[in-house]
Amino acid sequence: MSVAVSEPIAAIPRPALGRLGAATLLLLPIALVNVVGFILPVLNLLRMSFNEALSGGGIRETFTLANWFGLAGDAFYLELIINSVVVSLTITVLTLILSYPIALYLHRSSGRWRTFLTVLVISPLLTSAVVRTYGWIALLADQGPIVQAITSFGFAPPRLMFNTTGVVIGLVEILMPYMILSLLAGFGRLDPRVEEAAMTLGARPVRVFWRVVLPLTLPGIALGCLLCFVLAVSSFITPKLLGGGRVFLLATEIYDQAIVTLNWPLSATLSILVLVIFGAALAVYARILRAID
Amino acid sequence: MMHQTILSGTPTALTSRDAHLRLDGLTKRYGDTEAVAALNLDVPKGELVALLGPSGCGKTTTLRMIAGLITPSGGRIVVGRSDITQMPVYRRDMGLVFQSYALFPHMTVARNVAFGLEMRGVSKPEIEQRVREALAMVRLEPLAERRPRELSGGQQQRVALARALVIRPSILLLDEPLSNLDAKLRDEMRNEIRDIQQNLGITAVFVTHDQVEALSMCDKVVVMKGGKLEQVGTPVDVYEHPATPFVASFVGRTNRLEAMGKGDGTAIAGGAVLRIPSRAQGPVEIMMRPHRVRLTDSDGASASGGEGTNRLDGRLSRVTFVGDLLQYHVDVSGTELVVEAASDHGRVFRAVGAPVSLMWRVEDTMVFGRTA
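Chains as they are written, first to last, in the numbering used here: chain A, 1007 to 1299; chain B, 26 to 397.
Don't read these hints as lab results, they were simulated from the structure. Treat each hint with caution, since some may be false.
Unchecked claim - Examples of chain B residues toward chain A, derived with CB under 10 angstroms:
{"hint": "1", "residue": "Ala92"}
{"hint": "2", "residue": "Leu94"}
{"hint": "3", "residue": "Met119"}
{"hint": "4", "residue": "Gly120"}
{"hint": "5", "residue": "Gln124"}
{"hint": "6", "residue": "Phe129"}
{"hint": "7", "residue": "Phe140"}
{"hint": "8", "residue": "Leu142"}
{"hint": "9", "residue": "Pro194"}
{"hint": "10", "residue": "Leu198"}
Stated by the list, open to error - Label-pair restraints from in silico Cβ distances:
{"hint": "11", "chain 1": "A", "residue 1": "Leu1046", "chain 2": "B", "residue 2": "Glu175", "range": "39 to 47 angstroms"}
{"hint": "12", "chain 1": "B", "residue 1": "Arg157", "chain 2": "A", "residue 2": "Leu1220", "range": "25 to 33 angstroms"}
{"hint": "13", "chain 1": "A", "residue 1": "Tyr1111", "chain 2": "B", "residue 2": "Tyr55", "range": "18 to 26 angstroms"}
To be verified - Here are a few chain A residues that sit away from chain B, every Cβ distance over 12 angstroms (derived from the structure):
{"hint": "14", "residue": "Val1041"}
{"hint": "15", "residue": "Ala1081"}
{"hint": "16", "residue": "Ile1108"}
{"hint": "17", "residue": "Leu1237"}
{"hint": "18", "residue": "Ser1240"}
{"hint": "19", "residue": "Tyr1261"}
{"hint": "20", "residue": "Leu1279"}
No residue lacks a Cβ here, since even glycine has one placed at the ideal position from N, Cα and C.
In isolation and in its complexed conformation, chain A is listed as follows (with noise of 0.2 angstroms):
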């Protein structure tokens, strides 16, 4: 009876690998994926930064710091970067007064309600950025229905596209999925009982809101920011599109030197520039996680 049952107890095979060693053999292919598809590219676009940019588009290969020197000490560039990073806050900040109240209603309802309203804020999403770029030309072109909308109130037609103002509208929109879906992720801490407690206590609903309500959902905010503003900074074909090459970001300008100047290098320099930003960006996020707990 007893060897019966030590039997099936003995046989049970000891882990040929120790915890450590199945961790490594998990994350292996997606590490083998990270360091072929970004940290080599990476590594050669840095490396790109040092080459010197013969006129015609010709690279020669050598380690100059001309680039970046010369990115410091270029105006336009570092209006550039200001711009970019200005033009990235407002649409993040935008987009999440906008978002906010949307992903807090659906946050609160329930049923049929919420899955349609889901399926709603998620359906953009279906549709290309490109084609919902084209949308927006179509909406606020000088003909276009919005403006005649407003001239109809007798105020003067404003300009909507074409400039960084259109340019922002056209993000905003794209951006607010991402945000509205970023908040919800972090609404899981909001309990409809503490919301009450507060009110009991005599909170009245502004104050429950400034008080409990938006702390809580502090976290959500600081990720769905921290999202938007790096796709904002990185998006390149709404500027491109609704910008009318007459706003200058980052991304644009990436693309301008890369493909239209040839100027490999400084292209390279600049990519090199917005990783840097983003850096910067999610040093912040994790600060700002760090304050909040």
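Following the hints, put chain B in place on chain A, whose structure we already have.
Chain B in isolation, oriented as in the chain A frame:
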């Protein structure tokens, strides 16, 4: 009772706050169903009243209407002389302790307790003072700077209590406050809540599905079923003189027996004539508490009870040992009746299958009309 009269008759600071709660035909309808149906209830100042009932009986809905978190479909809620039915939650001045505690996870214990005072615009030094007092009351001063998630369930419960009481609410509302605690802690908190409530002389409504909590803590027990009141009374009243079969079986354990009343103070059940404290005629339901029934050998001549005693004969079908009690399950012509006895009496266990007699006093017999 005496104590109450003295308190309400003395013009002290205690009476400055007219915290008598009255529910007047309070109703809540969801579509066609009435969660709470025309409830009338009086909670005198300084009393702790339990709303007791199974889940879905409307007790929590009632509590949430009192707090202002649910809008009634009809009826009135009156505190003192003012009708607060339409008053928004944040002006009601009631302390609510939630089943899940609902502490603010992003604030320390001290900030949690201070919240209600900050909302009332109390000055900083006074807030500090009162938060300290409230935390001392629930013995949590050393944990003032902790976050809720660093506390045990019992500690969180006490923070919730301090937070609700620090605003000196007119009425304290407790929504199943003990159901998330383990058994030992529950006993402790039961006494603590009762002590604090009595020391402060605060009017309180306590929602629970646990009859032990209701009976042991409260001045008055309100038994609810299907959105309606079944019975309102002192714990002793409700336990000893249940108004309906539902109350009898929900509050404490009971044996049920179907019988035919003869209209002369007797009834026929299980082939025997039982004396009942009622002149009921026709089908009746007879109930008795398991621990009020004695088990004897059916062959003994001593088994003939006498004037004030009822007797039924049956066969012992099962004996269950539950630590402090022995439960004897007896089959009386097809109906299973339970007898409970202290398990340390030294008597030898009876053999299953043995013929036994059940005896209980006539006044321990509860009789209810049976609705066909």
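* Asked: Any hints this thing doesn't respect? Which numbers, in order?
  -> none
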